[in-house]
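Going by my numbering, the letters in the sequence shown line up with residues 20 to 339, in that order.
By construction, these hints were calculated from the structure, which means they are not laboratory data. Do not rely on the hints blindly, as some may be mistaken.
Said to hold, decoys possible - Derived lysine-lysine pairs resembling DSS-like cross-links, with alpha carbons at most 27 Å apart:
| hint | residue 1 | residue 2 |
| --- | --- | --- |
| 1 | LYS78 | LYS50 |
| 2 | LYS27 | LYS86 |
| 3 | LYS52 | LYS131 |
| 4 | LYS200 | LYS104 |
| 5 | LYS134 | LYS177 |
| 6 | LYS47 | LYS281 |
| 7 | LYS34 | LYS287 |
| 8 | LYS131 | LYS59 |
| 9 | LYS59 | LYS27 |
| 10 | LYS59 | LYS34 |
| 11 | LYS104 | LYS50 |
| 12 | LYS50 | LYS287 |
| 13 | LYS177 | LYS137 |
| 14 | LYS131 | LYS99 |
| 15 | LYS77 | LYS50 |
| 16 | LYS141 | LYS99 |
Said to hold, decoys possible - Here are the simulated distance ranges between beta carbons:
| hint | residue 1 | residue 2 | range |
| --- | --- | --- | --- |
| 17 | GLU204 | SER313 | 34 to 40 Å |
| 18 | ILE201 | THR253 | 41 to 47 Å |
| 19 | ASN161 | THR234 | 51 to 57 Å |
| 20 | GLY214 | LYS59 | 32 to 38 Å |
| 21 | LYS99 | ARG336 | 23 to 29 Å |
| 22 | TRP221 | ILE181 | 53 to 59 Å |
| 23 | ALA39 | ILE181 | 49 to 55 Å |
| 24 | THR72 | ARG166 | 17 to 23 Å |
| 25 | GLN194 | LYS134 | 31 to 37 Å |
| 26 | GLY199 | ALA82 | 51 to 57 Å |
| 27 | GLU23 | TRP221 | 40 to 46 Å |
| 28 | LYS78 | ILE181 | 32 to 38 Å |
| 29 | GLY120 | ARG166 | 16 to 22 Å |
Just so it is clear, CB atoms sit at the ideal spot from N, CA and C, and this is done for glycine as well.
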Amino acid sequence: KEGERLLKIRWEEEKEIFHATPRRPQWKEDKWKEAINHQKGAIRMLLDHVGITGLDQKKITGALWRKIQSLAIAVEGELKTKNGKLMGRLDLLMADVDSSGKMVGWLVADLKTGKAPKDELKVEVNRQLRLYRDILRDNNPNGPPIRTEGWYTADSSKWAAIGENVLEDAYAAWQETIPGKIPLEPTIGEQSCGGFCDWKAWCPHWWKWRHDNNTLHKGDFSDAVILLHNYDRTSGSAVIELCEPRDNTGNVIPTGIRTGAKFDNRGKEALEELLESNHRGPIFIGSAMSNRNSWRIGHWCDVLPWSPIPDGEEYSRQES
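Full structure from sequences and hints, please.
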């Protein structure tokens, strides 16, 4: 019960942070029971780290928990390279000890709440864990051996991240993504324009690509640039007009094609926040459910001003 009480405190803290984030979906209160199960899965892995398996968690004593805590070197610690260029958030840094209790190494454990791998860690996850390992090694050249694992709380499985040092590649990526006033080169194609991309509200290329490939407004879920008509704040019902690109820069052509739409939950909140900011132009809608007569723009959707940034020109963010 004490563990559940502490989890609830953290749950409420995270909820408050979540609701303070402007671009967000809906908080899933129904995931509370799932969170409890993930907590139990994490505790099973901590017990396993000290050589205990199959223990009913109600029988964990204060002395046993203090033993586990004594092996925790860092919890939710910030990892940063000496030059400050690379950083990460470390879930757990645990001491590896031998049978006599002597420390023989460090374990970087990153807790994962997603689906556990079948055969090996995903490439991206493996690289992320090796980055944590290699920052630690670089910062502690005289430190003990370090191993790295992804801890999957759904089934309490542990997966080792093994491979070469990634710091050189990480620094190269950092160099390529230094913030500047000239936008980065667009990556145009099926995976980005045809799939998920965080930057669609500011990038005109996905829109032109989909239009040219005859995939605009097709499928069960659609990204779209729309004009809003006849919005009812009480019900969230609206009439939206679908737009097409005039050119490669994101200029808009209204098509005259209108459809009903229903904004609800966070989708409705985001639209009304946009309207209250006096936005009157085109709107970007991300991942609207479009496989019915009336589109649904719910908590999973982006609702943002359509603000394409030109290629190759200096751009300064406008203060809102």
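A quick look at each hint next to the structure:
no.	hint	in the structure
1	LYS78 with LYS50	holds, 26 Å
2	LYS27 with LYS86	holds, 24 Å
3	LYS52 with LYS131	holds, 17 Å
4	LYS200 with LYS104	holds, 19 Å
5	LYS134 with LYS177	holds, 12 Å
6	LYS47 with LYS281	holds, 20 Å
7	LYS34 with LYS287	holds, 19 Å
8	LYS131 with LYS59	holds, 13 Å
9	LYS59 with LYS27	holds, 14 Å
10	LYS59 with LYS34	holds, 20 Å
11	LYS104 with LYS50	violated, 36 Å
12	LYS50 with LYS287	holds, 22 Å
13	LYS177 with LYS137	holds, 11 Å
14	LYS131 with LYS99	holds, 21 Å
15	LYS77 with LYS50	holds, 22 Å
16	LYS141 with LYS99	holds, 24 Å
17	GLU204 with SER313: 34 to 40 Å	holds, 38 Å
18	ILE201 with THR253: 41 to 47 Å	holds, 45 Å
19	ASN161 with THR234: 51 to 57 Å	holds, 56 Å
20	GLY214 with LYS59: 32 to 38 Å	holds, 35 Å
21	LYS99 with ARG336: 23 to 29 Å	holds, 26 Å
22	TRP221 with ILE181: 53 to 59 Å	violated, 38 Å
23	ALA39 with ILE181: 49 to 55 Å	violated, 39 Å
24	THR72 with ARG166: 17 to 23 Å	holds, 20 Å
25	GLN194 with LYS134: 31 to 37 Å	holds, 34 Å
26	GLY199 with ALA82: 51 to 57 Å	holds, 56 Å
27	GLU23 with TRP221: 40 to 46 Å	holds, 42 Å
28	LYS78 with ILE181: 32 to 38 Å	holds, 35 Å
29	GLY120 with ARG166: 16 to 22 Å	holds, 18 Å
The structure is inconsistent with the numbered hints 11, 22, 23, although it conforms to all the rest.
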